[in-house]
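*Asks:* Residues per chain, in single letters:
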Amino acid sequence: MSGALLYLPYAVAVWLFLAGAYGLVRSRHLVHSVLCLAVVQSSTYVLLLSIGFLAKAGAPIFNPPQVPPGSRSVDPVVQALTLTDIVVGATVTSLLLAMTIQIHRRKGTVDPHHLRLTRG
Amino acid sequence: MNDRARTVLFLVSAAAVAAVLIEGIAGLSPFGTHQTAYAAMLLRVAVLERHVLNVATAVNFDYRGFDTLGEEFILFTSIAGVLIIFSELRGGKTLYPEPMDGPADRGRTAAIRAFATGLAAFVAAMGMNVALHTSITPGGGFQGGAIFGSAVVCIYLGAGYAALDRTAKKSLLDTLEALGAAAFALIGVATAFLSGAFLKNSLPLGAAGSIPSGGTIFAINAAVFVEVGCGFALLLLLYLHQTCKTEEEQR
Amino acid sequence: MTYGFVHHLAPLAVAVPLICAAALMPLSRHLPRAAADAIATAAALAVTAMCAALTIASTHAPIVYWMGGWVPRHALAVGIGFVVDPIGGGLATLAALLVSSALVFSWRYFDSVGTLFHTLMLAFLAAMCGFALTGDLFNLFVWFELMGVAAYALTAQKIEEPEAIAGAINFAITNSAGAFCVLLGIGLLYGRTGALNPAQIGTVLAQRPADALVIVALLLITCGFFVKGAVMPFHFWLDDAHAVAPTPVCVLFSGVMVQLGLYAVARIYWTCFSPALGTHAAAVQALFIGVGIVTALAGASLAYSQSHLKRLLAFSTVSHSGMFVCAIALFNAAGAAAAALFIAAHGLIKSSLFMCAGIVLNRFKSMDEGALHGRGRSLPVTRAVYFAGALGLAGLPPLGISAAKVLFDASFERQAMLWIAAVVALASAIDAGAVLRFGLRVFAGIGVRAPGGPLPQTQPTETRSRNALSEKLTMLAPAIALPAISIWLALSGTFVHGVERAARLFTDQPAYAAATLAHRVQPWPGTAGEALDPSAYAINLAVCAGALLFALAGAFGFRLPGPLRAPFMAIRRLHSGIYVDYIAYMMFGIGAYGVWLILAR
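Residue numbers (numbering that gives the first Met the number 0), protein chains in the order written: chain A, 0 to 119; chain B, 0 to 250; chain C, 0 to 600.
FYI, nobody ran anything at the bench for these hints, they're computed from the structure.
Quick reminder that beta carbons are idealized off the backbone N, C-alpha and C, glycines included.
No false leads were slipped in.
Not the full set, but computed from the structure, chain C residues with beta-carbon under 10 Å of chain A:
| no. | residue |
| --- | --- |
| 1 | Leu145 |
| 2 | Pro161 |
| 3 | Ile168 |
| 4 | Ala178 |
| 5 | Cys180 |
| 6 | Gly186 |
| 7 | Tyr189 |
| 8 | Asp239 |
| 9 | Ala242 |
| 10 | Gly576 |
| 11 | Tyr578 |
| 12 | Ala583 |
| 13 | Met586 |
Make a model of the complete structure from these sequences and hints.
*Replies:* What follows is the structure in structure tokens.
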């Protein structure tokens with residue numbers, strides 16, 4: 000790998016962020032919006048894990064005697080951060096989907112354009 | 000804003016943001032070439048200090064255990080939020096909706112029910128297995144709990160919602176979930192006063208490579224498994240109940 | 000490292016409300032409402048006491064607490080640290096105080112509420128305390144998300160009203176997007192410095208001049224926290240959330256949650272970026288001041304155009320966020336002191352105003368200026384508290400904001416930027432004028448009746464007439480107590496000097512780094528403060544007079560002249576109520592800020 004390709008994973012993170020936001024802006028369905036938000040969040044996973052990657056390294060799980068402690072491993076800290084991030088994402092998604100179901104029940108629609116709040 | 004104006008505004012802004020962000024990420028080290036000092040140090044010392052072979056677990060439950068406490072309570076709070084959104088207010092108390100038969104409860108044969116029950120038992124055991132091996136494999140309390148919670152779906156598919164509701168009592172699930180969450184925080188309080196710092200690992204560490212290793216890592220992991228397992232089961236129960244309500248309304 | 004009892008209060012302030020929240024959830028089915036109220040309020044009051052003790056203890060030396068006993072090795076942070084200084088501790092105390100007051104207010108405010116409300120409030124409190132006390136960037140993100148989840152669920156409380164859920168969805172989507180921006184920024188900083196501890200990050204970043212990566216990290220973190228902090232153009236979610244959330248929840252949003260976002264920006268700026276930025280700081284300062292002024296003026300004007308009291312007060316909060324950003328933008332201790340005192344006083348007074356709004360809503364089931372015209376005359380005590388609060392927002396002495404404004408004006412005068420203080424004074428006048436106008440029409444019946452529907456019919460219920468007096472007492476007591484506390488704070492020279500000293504410590508990055516990483520916890524140096532100049536209060540009185548003028552003009556039907564009306568209404572229409580627009584505006588904001596910061600360095 001050479002040159003700009005070495006920065007491709009980070010660029011993927013930027014792309015995911017913008018693509019997810021584009022989906023949100025063009026959205027016509029609440030469930031679609033929730034999933035676009037998940038795409039935006041996945042940009043954080045990609046960025047964190049790409050930063051932690053080390054070439055020709057294994058997972059940070061040691062298994063003596065084949066993989067003795069101290070072998071070349073990728074970053075365990077960003078993996079822990081990503082685990083936390085995933086939980087956060089799952090919980091916000093579940094809350095938003097519950098709200099979506101309830102809104103559908105009360106108003107019969109899940110199109111955000113028909114859910115405008117009345118102005119004061 | 001009309002659709003066209005909004006899309007144009009977004010595309011122009013996104014182009015600017017993309018340019019700015021690319022400029023920023025160009026300052027990072029190239030992919031795969033750099034390991035931070037923090038990571039290098041933890042990889043060097045974690046096994047010795049905590050007798051745990053999975054360093055990510057050590058980071059999650061010990062070195063940065065306080066983050067995990069917050070994360071578990073985010074799960075807890077969002078389940079409380081979903082409970083409120085799906086609840087019905089009767090007599091001033093938030094109560095669970097009444098159970099009812101689901102859409103496809105009719106027409107299941109005994110063979111399907113038996114198979115689904117067996118599958119559910121297997122999935123639950125699998126979840127517990129993953130959670131127990133937290134120190135030595137890429138498992139952990141959260142992962143195991145998520146698998147355990149999905150046993151609920153197996154029972155629903157095989158036996159229907161009413162049977163599921165009889166098996167998995169919501170009140171028991173939410174009590175266990177709260178207990179798991181509180182246990183994590185209480186471990187922290189106990190270690191603060193008994194061993195000098197909040198969430199300080201002061202239990203016997205065990206032998207690296209065995210299941211009960213890591214001291215408080217193991218205990219916290221168990222609490223997280225209980226919380227996440229019961230929490231996900233409860234969440235799935237609440238969502239599956241909504242399918243019954245929708246069917247009821249469509250009739 | 001041995002920790003004394005006071006040190007242990009730092010994690011306990013977070014763990015205690017979390018444990019109580021967990022305990023209340025399964026008990027919710029068995030406990031009577033009064034018991035749940037009592038437990039929750041007791042827990043909140045206990046946390047208030049803990050945070051107050053921590054704040055007082057931290058005035059001598061910063062309290063540094065490493066979770067899990069993981070102390071730094073060779074200036075490398077291994078674990079998560081809590082670093083309590085008086086400003087962080089003070090914000091946590093404010094949060095706990097407001098949660099206690101909101102819980103007391105809700106005793107009689109809600110006819111019936113599930114006890115999950117208490118669980119969510121305590122989780123919200125724990126998150127705010129963790130957010131204010133922490134000394135680790137990812138930990139900050141975790142508490143930020145817990146604050147968010149609890150807030151989204153609390154906003155959607157009134158599940159029978161689809162508008163409440165729609166408002167909660169707008170809130171959730173925009174704030175989550177903001178949180179992900181923050182996390183991207185944290186990731187970039189971790190990639191460059193290999194640390195999540197702000198002191199360590201600051202030390203590493205200072206080793207070479209700031210390049211594009213540092214600027215972009217600053218951009219992402221600032222924009223993400225500006226979403227929470229309701230700074231333009233990231234503020235659109237705020238009035239939707241306030242319009243539909245129950246009153247005790249609005250108290251917390253406007254009183255302390257929004258300000259915590261601004262606190263995070265200031266804290267991260269000082270600990271991570273200030274040593275490294277060098278010449279770039281001027282571009283950042285120009286951005287913050289520009290954004291602050293626009294937010295202050297536009298927020299005040301939008302507040303003035305509202306006829307729904309909660310939305311009016313929400314835009315007032317937006318306007319004040321702009322003012323806080325202006326003060327923080329001075330990037331010196333005087334500005335930080337002014338911002339801190341202003342945030343504290345504003346939190347107390349705005350909460351009281353929201354409680355008055357809640358009393359009116361409870362009684363008349365409406366927040367519309369036209370429908371309520373003159374009705375407020377039957378609530379004499381509420382009327383007095385409301386007018387005190389409205390004039391307090393304008394800076395009437397001896398209420399808290401007056402002292403804050405004096406500090407604020409003085410800090411700009413010293414930098415020869417008095418014009419900014421003048422613009423902020425104008426914004427304050429318009430803003431307080433809006434609140435006063437509502438009060439004049441509703442509580443005094445003065446002026447022309449605003450266009451609006453009739454009052455909703457309220458059936459007098461037996462419980463209402465029987466409990467009418469007690470209902471008002473438990474709702475009025477916190478509404479009166481909070482501004483009273485602000486009076487005490489403003490008049491107390493010790494407190495004002497304490498804030499000035501705390502701000503000097505807040506802006507002292509080398510001392511922060513030494514305390515956290517090198518175990519060199521030295522007592523803060525004591526320095527004498529200057530007394531506030533009494534003649535400076537004259538400006539406050541002028542602002543009050545201006546507010547009164549705006550209020551009377553509005554009450555008698557003043558409308559904007561033609562050429563100004565069209566663009567103003569266009570800006571008002573931007574607040575469309577759907578999140579798809581808000582995300583587009585947010586992207587515009589990030590792009591505009593980013594282009595400025597990259598080009599102007």
